[in-house]
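Participant: In my numbering, the protein residues as written are 107 to 227.
If you're looking for bench data, these hints aren't it; they were derived computationally from the structure.
Don't take each hint at face value.
With a cut-off of at most 25 Å between alpha-carbon atoms, the simulated DSS-like pairs for lysine-lysine come out as follows [to be verified]:
| no. | residue 1 | residue 2 |
| --- | --- | --- |
| 1 | Lys-179 | Lys-211 |
| 2 | Lys-179 | Lys-193 |
| 3 | Lys-179 | Lys-130 |
| 4 | Lys-161 | Lys-211 |
| 5 | Lys-132 | Lys-161 |
| 6 | Lys-179 | Lys-161 |
| 7 | Lys-161 | Lys-130 |
| 8 | Lys-161 | Lys-193 |
| 9 | Lys-211 | Lys-221 |
| 10 | Lys-179 | Lys-132 |
| 11 | Lys-179 | Lys-221 |
| 12 | Lys-193 | Lys-130 |
| 13 | Lys-193 | Lys-132 |
Pairwise CB distance ranges (calculated) [said to hold, decoys possible]:
| no. | residue 1 | residue 2 | range |
| --- | --- | --- | --- |
| 14 | Asp-194 | Leu-129 | 19 to 27 Å |
| 15 | Tyr-155 | His-222 | 16 to 24 Å |
| 16 | Ser-215 | Lys-193 | 32 to 40 Å |
| 17 | Lys-130 | Glu-208 | 34 to 42 Å |
| 18 | Leu-122 | Cys-214 | 26 to 34 Å |
| 19 | Val-142 | Pro-184 | 20 to 28 Å |
Here a beta-carbon is modelled for each residue, glycine too, at the ideal position from N, C-alpha and C.
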Amino acid sequence: KGAWSNYYTDSVSHLLGLAHEPLKRKGDEVVVLTQVLAHRANLGYEHFYDLHLLKFNDFEVRSLQHLGELINKSSDSPFMTFEFAPKDGGRFVVLDRETNEEVTKEVCSEHSIEKHIVLRR
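Whenever a hint applies, use it, and build me the whole structure from the sequences.
Facilitator: Structure representation (structure tokens):
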């Protein structure tokens, strides 16, 4: 750790360990929540960072593209659930879909983000 101790967390340690593990399927990716942009609607979540996303609405997330597909396919559900590593004792986040869509537009505007989602193959 040494000079990097201010930047080294258990989450980063976990993520570095994943870099050397083989992926389950071709096309899989490790999906990471790197930062939550602060907003009054997500108070308490602003300290979440460097978290490995395991599941969305109880489905294993295989890649960022797959996460986008899962979100789109679950549009009839009023809530979105995100499960982060580790499997036992990780973090579990539940967001109200309707509020999330409104807040996302506000956060993007406040932080000069042109598009709220850009997924390319």
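Participant: With reference to the structure, classify each hint as holding or not holding.
Facilitator: Outcome of the hint check:
1. Our distance criterion of 25 Å between C-alpha atoms is met by Lys-179 and Lys-211, whose separation comes to about 20 Å.
2. As the CA atoms of Lys-179 and Lys-193 are separated by approximately 24 Å, the hinted pair is consistent with the 25 Å bound.
3. Using a Cα cut-off of 25 Å, the hinted pair Lys-179 and Lys-130 holds, with the two alpha carbons roughly 23 Å apart.
4. Note on Lys-161 and Lys-211: the hinted pairing holds, with a Cα-Cα distance of about 24 Å set against a maximum of 25 Å.
5. Of the supplied pair hints, the one linking Lys-132 and Lys-161 holds, its CA atoms being roughly 18 Å apart against a limit of 25 Å.
6. With a C-alpha separation of about 14 Å, the suggested pair Lys-179 and Lys-161 falls inside the 25 Å cut-off, and the hint holds.
7. Proposed proximity of Lys-161 and Lys-130 is supported: the alpha carbons are some 15 Å apart, at most 25 Å.
8. Our distance criterion of 25 Å between C-alpha atoms is met by Lys-161 and Lys-193, whose separation comes to about 10 Å.
9. Distance hint between Lys-211 and Lys-221 is fulfilled; the C-alpha atoms sit about 9 Å from each other, no more than 25 Å.
10. Straight-line distance between C-alpha atoms of Lys-179 and Lys-132 comes to about 22 Å, which keeps the hinted pair within the 25 Å bound.
11. As the CA atoms of Lys-179 and Lys-221 are separated by approximately 20 Å, the hinted pair is consistent with the 25 Å bound.
12. With a C-alpha separation of about 17 Å, the suggested pair Lys-193 and Lys-130 falls inside the 25 Å cut-off, and the hint holds.
13. Pair hint Lys-193 plus Lys-132 holds up; C-alpha atoms about 22 Å apart against a cutoff of 25 Å.
14. Between Asp-194 and Leu-129 the beta carbons are some 22 Å apart, a value that agrees with the proposed interval 19 to 27 Å.
15. Remark: the range hint 16 to 24 Å for Tyr-155 to His-222 is upheld by a beta-carbon distance near 19 Å.
16. Restraint check, Ser-215 to Lys-193: a C-beta distance of roughly 36 Å satisfies the suggested window 32 to 40 Å.
17. Between Lys-130 and Glu-208, the C-beta spacing of about 35 Å keeps the proposed range 34 to 42 Å intact.
18. In this structure, Leu-122 and Cys-214 meet the distance hint of 26 to 34 Å, their C-beta atoms being roughly 30 Å apart.
19. For the hinted restraint 20 to 28 Å between Val-142 and Pro-184, the CB-CB distance of approximately 21 Å keeps it satisfied.
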